[in-house]
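Q: Here's the letter readout for the chains.
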Amino acid sequence: MQSPETILELQHIYKSFDDFVALDNINIKLDQGKFYSFLGPSGSGKTTVLRIVAGLILADRGKVLFDGQDISKLPAEKRKVNTVFQNYALFPHLNVFDNVAFGLRLKRMPQDELQERVMQALKTIQLNGYEDRMISELSGGQQQRVAIARAIVNEPRLLLLDESLSALDQKLRQQMQYELRSLQQRLGITFLFVTHDQEEALAMSDEIIVMNEGRIQQSGTPVDIYDEPINHFVANFIGESNIVPGTMIRDYEVEFVGKRFECADAGMRDHEPVEVVLRPEDITVTTPNQGKLVVSVDSQLFRGDHFEITSHDEDGNEWLIHATNSIEDRDKVGLSFSPNALHVMRFGEKEADFDRRLSEYEGDES
Amino acid sequence: MTRTSRLSYFSLYLLWILFFVITPVALIVYQSFFNLNHQFTLQNYRDYLSSSVYLRMTLNSFIFAFLITLLTLLISYPAAYYLTRLKHRQLWILLIILPTWINLLLKAYAFIGIFSQAGSVNHFLTFIGIGPQQILFTNMSFVLVAAYIQIPFMILPIYNSLVDIDPAIINASHDLGANNVQTLWRVIIPMSANGVRSGVQSVFIPSLSLFMITRLIGGNRVITLGTAIEEHFLTTMNWGMGSTIGVVLIIIMFITMMLTASRRKGGVKR
Ligand SMILES: Nc1ncnc2c1ncn2[C@@H]1O[C@H](COP(=O)(O)OP(=O)(O)OP(=O)(O)O)[C@@H](O)[C@H]1O
Ligand SMILES: [Mg+2]
Chain A
39 MQSPETILEL QHIYKSFDDF VALDNINIKL DQGKFYSFLG PSGSGKTTVL RIVAGLILAD
99 RGKVLFDGQD ISKLPAEKRK VNTVFQNYAL FPHLNVFDNV AFGLRLKRMP QDELQERVMQ
159 ALKTIQLNGY EDRMISELSG GQQQRVAIAR AIVNEPRLLL LDESLSALDQ KLRQQMQYEL
219 RSLQQRLGIT FLFVTHDQEE ALAMSDEIIV MNEGRIQQSG TPVDIYDEPI NHFVANFIGE
279 SNIVPGTMIR DYEVEFVGKR FECADAGMRD HEPVEVVLRP EDITVTTPNQ GKLVVSVDSQ
339 LFRGDHFEIT SHDEDGNEWL IHATNSIEDR DKVGLSFSPN ALHVMRFGEK EADFDRRLSE
399 YEGDES
Chain B
14 MTRTSRLSYF SLYLLWILFF VITPVALIVY QSFFNLNHQF TLQNYRDYLS SSVYLRMTLN
74 SFIFAFLITL LTLLISYPAA YYLTRLKHRQ LWILLIILPT WINLLLKAYA FIGIFSQAGS
134 VNHFLTFIGI GPQQILFTNM SFVLVAAYIQ IPFMILPIYN SLVDIDPAII NASHDLGANN
194 VQTLWRVIIP MSANGVRSGV QSVFIPSLSL FMITRLIGGN RVITLGTAIE EHFLTTMNWG
254 MGSTIGVVLI IIMFITMMLT ASRRKGGVKR
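So the protein sequences, as listed, match chains A and B. In this text, residue positions in the first sequence follow our numbering: the first is 39, and each later residue adds one. In this text, residue positions in the second sequence follow our numbering: the first is 14, and each later residue adds one.
What the hints contain is simulated information worked out from the structure, not anything from laboratory work. This structure is a prediction, so every number in the text was calculated from the model and none was measured.
Computed cross-link-like contacts, DSSO-like style, restricted to lysine-lysine with a CA-CA straight-line distance of at most 30 angstroms:
| no. | chain 1 | residue 1 | chain 2 | residue 2 |
| --- | --- | --- | --- | --- |
| 1 | A | K111 | B | K100 |
| 2 | A | K297 | A | K388 |
| 3 | B | K100 | A | K116 |
| 4 | A | K111 | A | K101 |
Please construct the entire structure, taking both the sequences and the accompanying hints into account.
A: Structure below.
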């Protein structure tokens with residue numbers, strides 16, 4: 039396979055609404071044919087980035103490059119990008135078929151080919167048989183799927199999806215995730231998928247971009263982001279975690295809750311204050327004398343595929359544990375974890391420095 | 014609301030309809046069957062349908078109402094469209110509504126002043142060397158003034174239907190590759206069709222029976238159903254024939270309403 043080519047690049051994008059800074063120096067590079075997820079809390083600027091990529095608003099500063107060409111000022115209708123809007127924005131005066139056919143009609147596609155493409159798109163979103171319905175006669179989830187069909191039927195080079203599965207029930211949502219993923223791989227379309235839902239992002243993406251307050255916090259593969267979050271925000275936002283303050287004693291040794299532990303991280307200053315992440319599912323429950331930490335259990339919740347256990351150690355630090363079995367003796371329980379399970383984060387580290395440090399030290403650890 | 018109170022509201026409404034809609038219409042229909050000597054007859058209708066004068070008058074009214082509506086629409090649609098993009102929209106809307114508060118007669122007299130031989134338009138035409146011209150009492154001045162008076166009633170419903178369009182839908186249209194013109198034809202105009210429809214109704218129907226402006230601005234040259242009714246009731250005192258024309262007018266109004274009614278099922282409802 040050839041090395042993937044960059045399809046979209048955002049360089050130093052800034053955007054303010056009045057004096058509110060919505061985007062603060064956004065830099066993104068998207069490779070052709072990959073599935074990207076944009077993850078971030080409400081109001082972090084995800085939709086604003088999509089609108090700038092689609093050409094619906096202009097950035098205050100910075101460049102949008104598509105296939106290496108500057109399209110920062112190009113109007114939306116000339117961009118090879120389609121959007122599935124967060125609020126669907128379907129045409130209320132057209133039925134389902136005509137909504138989906140809108141883009142193809144503008145391209146003057148022959149009637150029989152158009153018919154086939156629209157029907158195919160409706161089949162993908164499982165709404166065949168609905169083509170004569172008016173939009174007002176559809177449920178919210180059905181409208182959302184029509185919005186997806188209206189965009190994918192054009193087979194754009196880059197598809198922007200703004201929380202496009204949020205109105206669907208769990209089962210349909212999973213089916214749509216598969217459909218979108220296979221469509222994306224079949225057609226080689228680049229997807230930029232906005233979601234609040236970190237599980238969805240982890241499951242679907244080649245790469246995740248985490249945003250907060252108008253800045254990109256971290257981008258990387260789902261595994262990278264999950265295992266090696268750059269800071270407290272990312273660690274907290276992606277999955278559940280125990281985050282405790284600590285001190286880096288020296289390379290591969292960190293101190294927290296008054297004890298020293300072997301870890302897999304390096305490249306910080308000795309005795310630098312840090313934060314330590316320990317994922318709840320990386321903790322195993324053992325006897326008190328075998329455990330690295332000793333805690334007493336506060337509550338146990340059955341979550342279907344695991345027990346969610348909250349506990350605290352003698353210093354009052356809380357520990358969240360995911361275990362397959364419930365704990366009988368709640369008073370004194372040992373917690374054990376491998377050095378690899380600990381992830382050490384520096385305060386205020388930039389993504390570039392973080393990536394450099396990781397690549398320098400990751401080689402030695404195993 | 015309890016059942017009985019809802020019933021009493023409803024009967025109040027029914028009474029209103031009975032006294033101010035059904036009774037007058039019934040009276041007009043009743044009167045149209047009497048001749049000058051108060052004898053029951055179908056003669057009025059026979060006269061109407063066999064007289065080329067009345068038929069031409071009807072056709073005339075139609076053509077004038079059509080021209081007035083068309084001119085009003087051509088001016089109002091772009092005006093309403095640009096209104097939706099302005100900053101101080103409420104103020105502009107108020108400025109458009111304002112003239113409708115002024116008495117029709119006053120506005121007509123103002124136009125007589127403006128269009129007369131010694132009026133400001135002719136002053137200007139003389140100044141640029143092509144005047145003075147006869148402007149008053151021409152078909153054109155009649156259509157112009159009638160359109161001027163009706164414009165607010167066309168702009169308002171169109172404006173309302175335009176501001177109801179979610180800007181996100183316009184964005185979606187651009188996103189799917191439609192330029193401004195395509196977006197106008199494929200999205201904005203269809204989505205404002207209801208506003209256009211009610212605008213056309215509220216201009217075309219009254220335009221059929223204009224008579225004050227017809228007299229004052231069109232002079233005696235322009236004869237429409239409105240002026241004919243006025244003539245029969247106030248001058249020749251042939252109430253029977255006047256009522257017959259009135260019935261014809263009512264029938265035409267119903268037909269217009271039906272033709273411009275929203276045909277779509279389950280479509281854009283507001
Ligand atoms: N047109 C606008 N005028 C003023 N402020 C705006 C405008 N559009 C967005 N904002 C602000 O910019 C910030 C980012 O908005 P954006 O819609 O990009 O958030 P988001 O990440 O998509 O959030 P959500 O997940 O809730 O959709 C928000 O604080 C929002 O209030
Ligand atoms: Mg959003």
